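J.: Spelled out from the first residue to the last, the chains are:
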Amino acid sequence: MTFTIPIDNGDALKNAEADSQRTLYPYVTGTSIVAIKYKDGVLMASDMGGSYGSTLRYKNIERVKAIGKHSLLGASGEISDFQEILRYLDELVLNDNMWDDGNSLGPKEVHNYLTRVMYNRRNKFNPLWNTLVLGGVKNGESYLGMVSMIGVSFEDNHVATGFGNHLARPILRDEWRADLSFEDGVKLLEKCMRVLLYRDRSAINKLQIAKITEEGVTVSQPYSLKTFWEFQAFHNPTAGAQGSW
Amino acid sequence: MFRNQYDTDVTTWSPTGRLFQVEYAMEAVKQGSAAIGLRSRSHVVLASVNKAQSELSSHQRKIFKVDDHIGVAIAGLTADGRVLSRYMRSESINHSFTYESPLPVGRLVVRLADKAQVCTQRSWKRPYGVGLLVGGLDESGAHLYYNCPSGNYFEYQAFAIGSRSQAAKTYLERRFKSFNESSREDLIKDAILAIRETLQGETLKSSLCTVSVLGVDEPFHFLDQESIQKVIDTFEKVPEEEEDGGEAEAEAAAAPAEQGGAGDQDVAPMEM
Numbered sequence: 001m002t003f004t005i006p007i008d009n010g011d012a013l014k015n016a017e018a019d020s021q022r023t024l025y026p027y028v029t030g031t032s033i034v035a036i037k038y039k040d041g042v043l044m045a046s047d048m049g050g051s052y053g054s055t056l057r058y059k060n061i062e063r064v065k066a067i068g069k070h071s072l073l074g075a076s077g078e079i080s081d082f083q084e085i086l087r088y089l090d091e092l093v094l095n096d097n098m099w100d101d102g103n104s105l106g107p108k109e110v111h112n113y114l115t116r117v118m119y120n121r122r123n124k125f126n127p128l129w130n131t132l133v134l135g136g137v138k139n140g141e142s143y144l145g146m147v148s149m150i151g152v153s154f155e156d157n158h159v160a161t162g163f164g165n166h167l168a169r170p171i172l173r174d175e176w177r178a179d180l181s182f183e184d185g186v187k188l189l190e191k192c193m194r195v196l197l198y199r200d201r202s203a204i205n206k207l208q209i210a211k212i213t214e215e216g217v218t219v220s221q222p223y224s225l226k227t228f229w230e231f232q233a234f235h236n237p238t239a240g241a242q243g244s245w
Numbered sequence: 001m002f003r004n005q006y007d008t009d010v011t012t013w014s015p016t017g018r019l020f021q022v023e024y025a026m027e028a029v030k031q032g033s034a035a036i037g038l039r040s041r042s043h044v045v046l047a048s049v050n051k052a053q054s055e056l057s058s059h060q061r062k063i064f065k066v067d068d069h070i071g072v073a074i075a076g077l078t079a080d081g082r083v084l085s086r087y088m089r090s091e092s093i094n095h096s097f098t099y100e101s102p103l104p105v106g107r108l109v110v111r112l113a114d115k116a117q118v119c120t121q122r123s124w125k126r127p128y129g130v131g132l133l134v135g136g137l138d139e140s141g142a143h144l145y146y147n148c149p150s151g152n153y154f155e156y157q158a159f160a161i162g163s164r165s166q167a168a169k170t171y172l173e174r175r176f177k178s179f180n181e182s183s184r185e186d187l188i189k190d191a192i193l194a195i196r197e198t199l200q201g202e203t204l205k206s207s208l209c210t211v212s213v214l215g216v217d218e219p220f221h222f223l224d225q226e227s228i229q230k231v232i233d234t235f236e237k238v239p240e241e242e243e244d245g246g247e248a249e250a251e252a253a254a255a256p257a258e259q260g261g262a263g264d265q266d267v268a269p270m271e272m
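If you read the sequences in order, they're chains X and S. Position one of the first sequence corresponds to residue 1 (the UniProt record's numbering), numbered consecutively onward. Position one of the second sequence corresponds to residue 1 (the UniProt record's numbering), numbered consecutively onward.
Hints were generated in silico from the structure; no laboratory data involved. In this text, all values refer to a predicted model and were calculated from it rather than measured experimentally. No residue lacks a Cβ here, since even glycine has one placed at the ideal position from N, Cα and C. There's no promise every hint is true.
Covered stretches of chain S (chain X as the covering partner; in silico rule of three or more C-beta atoms under 8 Å from a C-beta of chain X) [claimed, not checked]:
1) 41 to 52
2) 92 to 103
Below 30 Å or equal to it, Euclidean Cα-Cα: the simulated DSS-like pairs (lysine-lysine) are [stated by the list, open to error]:
3) S:K65 <-> X:K138
4) X:K108 <-> S:K115
5) X:K69 <-> X:K39
6) S:K169 <-> S:K51
7) X:K138 <-> X:K187
8) S:K177 <-> S:K189
9) X:K39 <-> X:K124
10) S:K230 <-> S:K115
11) X:K108 <-> S:K65
These stretches of chain X come out as covered by chain S in the derived footprint (C-beta under 8 Å, 3 or more residues) [to be verified]:
12) 88 to 102
13) 177 to 186
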């Protein structure tokens, strides 16, 4: 049995050997998260895939988790960093509960805490390689925000990470309304997730939709979207390709 | 209490289980000039008596804003009070920065109490000689706490600390049951009336007291002299003829102040 002794290589920025101790590239990654505010709260959708480069290696990763009583956290990017963040938040929520004084951390507080964490890590050139989506409801008010790995943070009525930025947001900009019912909200999210499934190579057809309202959090069982591959253009795909380019 | 052989160190227990240094620190609070706090469901009022070292100097600040939603009134060693107010401001702003949310008063008060407790258990420190009335607002409503040099804290509907505070407490005890439902204006009036009780005879003027308010939709702020005088005028008439009497009274009040005044014989210069 070999044991590794922790090595202190000093300044993570100046020393080449110290590179092994800070994040340089992500390894196991999750793809897009799409989230919207709706009538009763917030809906968040993600698939359950964890890619190892271009290999779709893990197919049962939950990328949306409940935080305390009032929040949902979804993450794309490095899965191990997401797990680290969940540990930080676990400690945060635990300490908050230990006060036992009628005050509790709402989604705004969690979002701002995460912004501080992400930005401070970025400043040390050792980022947590995630884009986080924080949604929640407290005292009747819905909250939805995002923090990136460089600490860029903002709130909006609908957010998307990764490929979702390019493929889902245009749909949301056109079709999102403030008074969406739960069913319409889910339909809208499924529309976005379907486009992502067709066009994002790291997406898999196994998704979860999480809902948070004043009452609490519900995460759906994993399910698949129906897809259609019988487009005319897909039949005999080489028909149009004559000669070389 | 009298000098005894167990009162030299804060880390020495007496045979009857008392820490005399801590109790002596609480005496220092009783020497300071009065500070009063009261709260309703939605507002907290903090008021204090303005005491000046001499006619030549300005009066000591005894009420401090900690944040938009928290204020503190002190009695005892003002220097200790100033340092603790700075600590409270620091805690409050750090919380706001990390969470973009106001620090719940209850949590601030516990941190303050823990800080005071440390000084009762280190041989190289001394207890803080200041009592703090912390008023603030959080999710569960308006709160008023009293933090003691011993490291204890209690929540109150209304409280008074400092010299001649017993008179104010007697007044508040008669009225406190109605405070929860009081309007903002009635709460302010009760605070000023309680201050009047501590003056014991001196005419109540707006220059003699400082009043601050905070509430739901109302960040912590001081009332200006005009507003205070207006409230005073509703229950105390100061007709023109009394100006001479007023001046004579002021002189009479100034003379004892130089000597130390009734009950203020041993007020050290650092206490206000």
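J.: Indicate, hint by hint, whether the structure satisfies it.
T.: The hints, checked one at a time:
1. 41 to 52: violated (count 0)
2. 92 to 103: n = 5 at 8 Å, threshold three: holds.
3. S:K65 <-> X:K138: Holds. K65 (chain S) to K138 (chain X) sits at ~28 Å (cutoff 30 Å).
4. X:K108 <-> S:K115: holds (29 Å)
5. X:K69 <-> X:K39: Since the Cα atoms of K69 (chain X) and K39 (chain X) sit roughly 19 Å apart, the hinted pair holds (cutoff 30 Å).
6. S:K169 <-> S:K51: With Cα atoms ~20 Å apart, K169 (chain S) and K51 (chain S) stay inside 30 Å; holds.
7. X:K138 <-> X:K187: Roughly 25 Å separates the two Cα atoms, so the pair holds.
8. S:K177 <-> S:K189: Measuring from Cα to Cα gives roughly 15 Å; hence the hint holds.
9. X:K39 <-> X:K124: violated (40 Å)
10. S:K230 <-> S:K115: At roughly 40 Å apart (the allowed maximum being 30 Å), K115 (chain S) and K230 (chain S) break the hint.
11. X:K108 <-> S:K65: Within the cut-off at roughly 25 Å; holds.
12. 88 to 102: holds (count 3)
13. 177 to 186: violated (count 0)
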